[in-house]
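J.: Protein sequence lines, in the order shown, are assigned to chains A and B.
Numbering-wise (this note's numbering), the first sequence opens with residue 1 and increments by one.
Numbering-wise (this note's numbering), the second sequence opens with residue 399 and increments by one.
Because the hints were derived from the structure by calculation, they are not lab data.
Quick caveat: nothing in here was measured; it's all calculated off a predicted structure.
Some hints here could point you the wrong way.
[To be verified] Taking beta-carbon pairs under 7 Å as the criterion, some of the chain B residues facing chain A (in silico):
#, residue
1, Arg432
2, Glu495
3, Gln624
4, Asp627
5, Glu628
6, Ser630
7, Ser736
8, Glu739
9, Trp741
[To be verified] In silico negatives: residues of chain B with every beta carbon more than 12 Å from chain A:
#, residue
10, Ser472
11, Thr512
12, Glu540
13, Ala576
14, Ile608
15, Ile730
16, Leu769
17, Leu828
Glycine residues also receive a C-beta, built at the ideal position from the N, C-alpha and C atoms.
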Amino acid sequence: MKRAFFFALLASGVAAAQTDLVVWHSYRAAEKSAIEKVAASFNASHPGIKVTTLAVPYDAFADKISAAVPRGKGPDIFIYAQDRLGGWIEAGNTVEPIDFFVDDATKARFIPSTMEAMTYRGTVWGLPVNYKVITLIYNKKLVQKPPATTTELVTLAKKLTDKASGRFGLAYWYSDYYYHAALQNAFGGRVFEGNTAKPVLNAPENVKGLELLVSWIDEGILPAEPSTALITALFNGGKAAMIFTGPWFLGEIDPGIDWGLAPLPKVVEAGGKPLRPWMTVEGAFIAAPSKHKDAAYEFVKFLTDLESAKVMALEGRQSPSNKAAYDDPKVANDPVLKAFRTQVEVAVPMPNLPEMTMVWSPATIMMASVAKRTIAPKPALDKAEAEVLKAVSELHRK
Amino acid sequence: MRGPSHRLRFGAGVALGAVVGVWLAHGMVVQEQRDAATDLEVRKATVTLQALESLLQHGDPREVALGWRAKTPSVTQVRITRGTQLVAPESRRLLREEKPLYDRGQRLATAVQTNLEEGARKAEIEVEWLPGPRLLLAAPYEDKGVVEIETAPLPPPPSTGWLAFVLALLGAVIAFAALALVFGERRVQLSIAAAAVLGLALLALGRWSIAQVEDDRRAGAGALTQRIDEQSALVQSLGGAPGNWDVDEFRKPRPPLAAGAGRLRGALLSADLLALVVLFLAGLGAFSRIGVELRKNRQAYLYIAPAILGMLLLVFYPFTYGITLSFTDSNIYNTSKSIPEVWVGLRNYAEILGQFSFVKRTESGVVFNYLNFYWTLLFTIVWTVCNVALGVSSGLFLALILNTRALALRPLYRVLLILPWALPTYITALIWKGMFHQQFGVINQVLQVFGASAINWFDHPFTSFLAAWTTNAWLSFPFMMVVALGALQSIPADLYEAARVDGASRWQQFRAITLPSLRPALVPAVIISVVWTFNQFNVIFLVTGGDPSGSTEILITQAYKFAFERYRYGYAAAYSTVIFGILLVYGTIQNRLSKATEA
């Protein structure tokens with residue numbers, strides 16, 4: 001009895017000396033083992049801190065964070081894309097600002113646009129871990145040389161399109177606003193004016209972007225009613241020569257298809273500016289109620305440093321935000337990582353404002369009706385803008 | 399049976415009512431005093447902070463702040479930061495433990511910027527309570543910095559003791575006892591006396607407490623003016639100019655401190671009414687009757703207790719919470735706020751039910767506003783009526799065929815026809831959506847084989863509706879078929895035989911025998927399937943997704959979209975409550991009708 005008491009005392013003494021950190025992520029398979037490896041090497045090099053990782057299913061992740069963290073029941077650190085960041089900041093007591101911790105040297109090690117995605121109204125809230133961006137994936141049997149400009153793209157796609165037999169030169173989910181954003185950004189389009197939360201969906205540049213899409217639809221090079229399932233089926237059946245998609249698609253490709261990656265073409269209509277896709281950046285955020293913020297920042301920094309970035313890239317197959325990782329020969333010679341690194345140079349971070357959630361629904365309706373050619377681009381954008389303005393004002397109203 | 403004494407009952411009622419009324423009144427008065435005191439201290443501290451801010455516009459901030467603090471006894475600590483630098487009380491870089499100071503600077507700068515763009519939404523003066531109790535107030539300073547003050551320990555808020563309240567209670571009870579001796583066991587007189595005694599005691603108590611609170615207010619207004627005068631004099635002596643420093647958290651001027659106690663008056667009145675209700679419940683014997691019932695059926699209540707507990711937790715709590723939420727403006731911005739803070743009363747309902755104009759006439763023709771509640775309601779009703787009509791008629795038709803005795807392989811057909819019902823709705827709906835694809839869908843391919851042109855099913859509200867209708871018909875006929883088949887097999891054969899002997903035709907037999915015999919089985923089935931179809935989320939969400947432009951949404955999918963795509967939780971809750979109301983009305987009417995058919 002006395003002995004048991006003694007051991008209990010000893011155990012509590014040890015526990016008090018050690019800081020326990022819990023990290024939530026939504027990774028599976030290779031990504032999961034990569035982050036577990038990073039956590040293990042952190043634990044080995046930081047004796048006073050013990051990091052435990054917990055995989056939470058992606059579907060429930062954001063809602064779990066919204067529900068658990070403000071009530072002090074969540075993790076110390078969580079990894080998620082920037083699109084919910086603004087909402088969590090506005091709701092309060094969810095994400096801890098780390099602007100104070102981040103020095104210029106740390107800021108400088110990331111691809112600038114990924115750092116921008118972690119910044120909300122001038123304050124840094126997390127460190128970027130990786131990014132996902134849309135690029136051009138093509139069937140090497142059908143396309144010898146990927147197109148460099150949109151004119152080449154249309155010419156080539158027209159040649160490869162045979163609508164009657166269901167073959168298309170170009171296929172992507174063009175009726176989805178996320179995919180379409182690449183076209184509008186090429187013209188300098190935007191959803192919000194400057195750094196404010198004022199929606200400008202019907203900006204003239206956005207009209208031009210939508211007009212470009214309409215011209216492609218009218219050329220007949222795109223399949224009707226696109227969806228991810230349709231694009232996958234077409235590409236794997238060898239019936240789509242080129243597709244615009246991101247890293248999430250790579251696992252879906254049939255092993256029998258010989259495919260390659262290339263940067264999205266330059267837009268002749270926009271004076272030779274490249275198509276600029278939106279990117280999603282996954283950041284490591286510190287939970288506001290965490291009791292070990294200093295230790296948590298140590299881990300966040302460790303997770304995004306060069307060695308960890310290489311593990312996450314080579315073993316987890318992620319595109320790290322750490323610039324130096326691409327100097328590593330193994331990363332530099334990886335065609336997939338290299339292609340996304342080239343593409344991210346022109347990518348635009350998707351807005352992290354909470355008002356963005358008000359945009360999706362009207363934008364989806366707008367894109368669907370324009371894609372079906374039931375309405376012209378300009379009035380469609382005007383209508384969507386009016387709806388977004390109304391939704392945002394309802395949200396801001398006291 | 400002779401009941402217990404009325405005097406005793408009313409006496410207990412007066413005592414109980416007085417306890418309830420006095421206890422509530424005391425809580426309200428103390429709360430009011432505490433709120434007023436808190437508000438006053440925050441106002442005084444705000445004036446102080448604003449005075450310091452006005453001085454900081456000129457000269458070296460550290461010297462100015464320290465000089466000002468030496469002459470302001472109500473402030474024990476001043477801190478000024480600029481970015482990562484501490485400016486006062488000493489000049490150095492912020493330490494790691496001082497991160498909250500830096501974060502506050504960032505937060506306040508963001509608040510100022512946000513308010514510039516969107517009107518007053520975020521506090522520009524942060525207030526925090528420190529142990530003591532002391533107050534910490536912070537305002538933005540220059541580029542992402544703060545100027546913050548900590549006050550000296552504040553006096554405890556004035557708190558009215560229990561003496562007056564206990565006196566009121568005793569007074570009421572003694573007065574009633576005296577009156578009861580006079581009136582004896584006369585019930586009417588007793589009830590009037592009880593109400594009068596309790597009401598007068600509580601009213602007197604209310605007047606007295608309001609006077610107390612008003613006195614506090616007057617004193618508070620005086621203290622505030624004194625603080626403003628003090629600071630104005632100090633600022634002038636230090637070379638600054640006084641301004642309007644009595645502002646709110648958004649730095650907007652506040653109205654002068656009023657002496658009224660309007661809110662307290664209403665609250666006290668409602669407490670008095672509650673006390674009277676308790677008095678009459680006790681006096682007229684409601685409590686004793688409930689107690690007798692509980693004791694008599696003790697075992698029965700014990701048995702259902704677990705079920706009641708489960709219902710309370712799993713059904714009534716979420717239900718009440720949903721209805722409560724429908725009176726708020728809860729959305730993605732304010733999920734961490736409490737319900738009273740986002741309370742908007744009936745606004746959501748007014749917005750949903752108050753907008754009638756879903757049709758607009760423009761030069762390009764008639765335009766529908768598909769987000770309007772009445773369009774969605776209309777569509778939902780059309781959708782429900784069409785589906786139930788088709789489901790019942792096709793189910794009945796198939797059941798009649800399957801009921802033919804001479805039919806070969808009957809069990810096989812029966813199994814095949816039940817299959818659509820056995821498959822998960824989710825899968826069936828997605829398969830049908832694929833079949834309606836414009837180019838690769840089998841339906842358009844068949845149409846093209848017969849020379850017709852392909853139809854863009856989801857481009858027009860009507861064709862989109864047809865697609866969803868077809869899918870739902872496929873899903874719903876097996877249920878009706880099974881119900882009808884079962885009912886058909888229970889009709890005795892000799893009825894038909896007798897009809898044939900009487901020379902009735904096939905149609906007459908159907909009208910006079912089959913249909914009336916089916917009725918008891920079909921009516922409940924129709925009621926259920928109306929409710930199912932009304933809330934048929936899967937088919938609409940997966941097949942049409944509301945296309946085109948949200949024209950084919952039904953109420954339940956629209957509520958979902960308001961909650962999880964537009965993040966307006968309060969509005970969506972009100973929408974759901976309206977749906978519940980519609981189904982409740984339908985259910986009640988239908989229940990009456992079906993009872994009539996049974997009789």
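J.: Taking the hints in turn, state whether each one holds.
T.: Now for the hints, and whether the structure bears them out:
Proximity of arginine 432(B) to chain A is violated relative to the hint, the smallest CB-CB distance being about 25 Å (cut-off 7 Å). Checking glutamate 495(B) against chain A: minimum C-beta separation of about 9 Å lies over 7 Å; hint violated. This hint is violated: glutamine 624(B) has a C-beta 33 Å from the nearest C-beta of chain A, more than the 7 Å allowed. Violation of the interface hint for aspartate 627(B) is found here, the shortest Cβ-Cβ separation to chain A being roughly 34 Å, above the 7 Å cut-off.
A least Cβ separation of about 34 Å between glutamate 628(B) and chain A goes past the 7 Å threshold, and the interface hint is therefore violated. A distance limit of 7 Å between C-beta atoms decides the matter here; for serine 630(B) the minimum to chain A is near 32 Å, and the interface restraint is violated. Taking 7 Å as the C-beta cut-off, the interface hint given for serine 736(B) is violated, the closest approach to chain A being about 12 Å. Taking 7 Å as the C-beta contact cut-off toward chain A, the hint placing glutamate 739(B) at the interface is violated, the least distance being around 10 Å.
Checking tryptophan 741(B) against chain A: minimum C-beta separation of about 12 Å lies over 7 Å; hint violated. Interface exclusion of serine 472(B) from chain A stands, the closest Cβ pair being 30 Å apart, more than 12 Å. Residue-level check failed: threonine 512(B) sits 7 Å from the nearest beta carbon of chain A, not beyond 12 Å. At roughly 14 Å from the closest C-beta of chain A, the C-beta of glutamate 540(B) stays outside 12 Å, upholding its exclusion from the interface.
At roughly 55 Å from the closest C-beta of chain A, the C-beta of alanine 576(B) stays outside 12 Å, upholding its exclusion from the interface. For isoleucine 608(B), the condition that its CB be more than 12 Å from all CB atoms of chain A holds, with the nearest at approximately 30 Å. Consistency note on isoleucine 730(B): stated as away from chain A, yet its beta-carbon is not over 12 Å from all of that chain's, at 5 Å minimum. Listed as a non-interface residue, leucine 769(B) fails to keep its Cβ farther than 12 Å from every Cβ of chain A; the least gap is roughly 8 Å.
With a closest Cβ-Cβ approach of about 9 Å to chain A, leucine 828(B) is found to fall inside the 12 Å limit, against its non-interface label.
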